[in-house]
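When we follow UniProt numbering, the leftmost residue of the sequence shown carries the number 1, and every step to the right adds one.
Worth flagging that the hints you see were computed from the coordinates, not collected in a lab. Just so it is clear, the structure is predicted and the values come from calculations on it, not from any experiment. Hints should not be assumed to be uniformly reliable.
[Stated by the list, open to error] Below, in silico cross-link-like pairs of lysine to any residue (SDA-like), each with a Cα-Cα straight-line distance of 20 Å or less:
1. K172 x I128
2. K60 x A95
3. K60 x D71
4. K32 x I68
5. K32 x D109
6. K73 x P124
7. K73 x D23
8. K60 x A114
9. K60 x M39
10. K60 x D35
11. K172 x E136
12. K32 x P111
13. K60 x P16
14. K60 x R44
15. K172 x T139
16. K172 x A205
17. K32 x A61
18. K73 x A95
19. K32 x A110
20. K32 x T175
21. K73 x R159
22. K172 x R113
23. K60 x V130
24. K172 x R69
25. K172 x E98
[As the list claims (entries may be wrong)] Computed spacing ranges between beta-carbons, pair by pair:
26. R44 x A205: 36 to 42 Å
27. A127 x A97: 15 to 21 Å
28. I128 x Y54: 18 to 24 Å
29. V171 x E20: 27 to 33 Å
30. R55 x Q195: 44 to 50 Å
The beta carbon of each residue, even a glycine, is placed where N, CA and C say it ideally should be.
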Amino acid sequence: MTHLAPLDAQAQPPTPREAEILDAVRHVFAEKGFDGASMQELARAAGMSVGNFYRYFPSKAAMVEELIRHDLKDVEAHFARVASAPDPLATLRIALAERVRNYAEMCTDAPLRAEITAAALRKPELAIVVGRVEREITTYLVRAFGTATGLDFDTAWQRFAAHARLIVLLVKACTTRLRIGDVDGEALTVLILRQIDSLLDEVAAARPETSRT
1 MTHLAPLDAQ
11 AQPPTPREAE
21 ILDAVRHVFA
31 EKGFDGASMQ
41 ELARAAGMSV
51 GNFYRYFPSK
61 AAMVEELIRH
71 DLKDVEAHFA
81 RVASAPDPLA
91 TLRIALAERV
101 RNYAEMCTDA
111 PLRAEITAAA
121 LRKPELAIVV
131 GRVEREITTY
141 LVRAFGTATG
151 LDFDTAWQRF
161 AAHARLIVLL
171 VKACTTRLRI
181 GDVDGEALTV
191 LILRQIDSLL
201 DEVAAARPET
211 SRT
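Full structure from sequences and hints, please.
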């Protein structure tokens with residue numbers, strides 16, 4: 001199994017001032033994109049001089065990585081609850097359904113997420129960061145599958161990494177879904193959840209017979 005180097009799990013969380021800066025620059029990235037947002041505009045949004053701004057974040061890529069790292073912490077908390085649940089797959093189904101439905105109703109970060117994805121297709125340094133976080137989430141899913149089925153991690157990865165990857169892609173797509181004239185929005189959401197349920201059913205089928213009764 002080929003691994004991308006993970007995001008540094010031991011990295012310190014942003015300081016209160018860094019967190020304020022990240023909140024301030026979100027809308028600039030969302031409105032102007034990674035390429036269109038200049039360091040001057042980002043510094044202005046944070047109420048700082050450019051020179052002082054560089055003391056906190058040396059590049060736009062560093063800011064985007066910190067934004068992604070923040071989102072990953074939320075994902076880690078969700079998977080910790082899944083891993084400790086009596087029935088990890090049932091808990092995972094509920095969590096994924098809630099996330100998909102929340103995104104279907106409104107994803108306030110949709111423009112930012114779309115810009116990060118678009119920039120990652122053009123910028124190798126961002127592609128590495130985005131690829132790492134998607135691999136991290138895929139790994140969390142496979143670990144949950146292994147816990148639920150009693151399979152060791154390597155076996156679970158071999159059998160279900162593609163299942164996990166497709167779930168990541170389906171949920172990610174929900175975050176940037178256009179809703180202009182979305183008269184069949186609920187039907188589409190139901191189809192997405194049905195596909196996720198089908199993938200989880202295939203994982204569940206790998207559990208020993210005694211654990212399915």
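Structure-based check of each hint:
| no. | hint | result |
| --- | --- | --- |
| 1 | K172 x I128 | holds (17 Å) |
| 2 | K60 x A95 | violated (32 Å) |
| 3 | K60 x D71 | holds (17 Å) |
| 4 | K32 x I68 | holds (18 Å) |
| 5 | K32 x D109 | holds (14 Å) |
| 6 | K73 x P124 | violated (23 Å) |
| 7 | K73 x D23 | holds (16 Å) |
| 8 | K60 x A114 | holds (16 Å) |
| 9 | K60 x M39 | holds (7 Å) |
| 10 | K60 x D35 | holds (9 Å) |
| 11 | K172 x E136 | holds (14 Å) |
| 12 | K32 x P111 | holds (10 Å) |
| 13 | K60 x P16 | holds (19 Å) |
| 14 | K60 x R44 | holds (14 Å) |
| 15 | K172 x T139 | holds (16 Å) |
| 16 | K172 x A205 | violated (25 Å) |
| 17 | K32 x A61 | holds (15 Å) |
| 18 | K73 x A95 | holds (16 Å) |
| 19 | K32 x A110 | holds (14 Å) |
| 20 | K32 x T175 | holds (19 Å) |
| 21 | K73 x R159 | violated (26 Å) |
| 22 | K172 x R113 | holds (9 Å) |
| 23 | K60 x V130 | holds (14 Å) |
| 24 | K172 x R69 | holds (16 Å) |
| 25 | K172 x E98 | holds (14 Å) |
| 26 | R44 x A205: 36 to 42 Å | violated (55 Å) |
| 27 | A127 x A97: 15 to 21 Å | violated (30 Å) |
| 28 | I128 x Y54: 18 to 24 Å | holds (22 Å) |
| 29 | V171 x E20: 27 to 33 Å | holds (29 Å) |
| 30 | R55 x Q195: 44 to 50 Å | holds (46 Å) |
Checked against the numbered hints given earlier, this structure breaks hints 2, 6, 16, 21, 26, 27; the rest are met.
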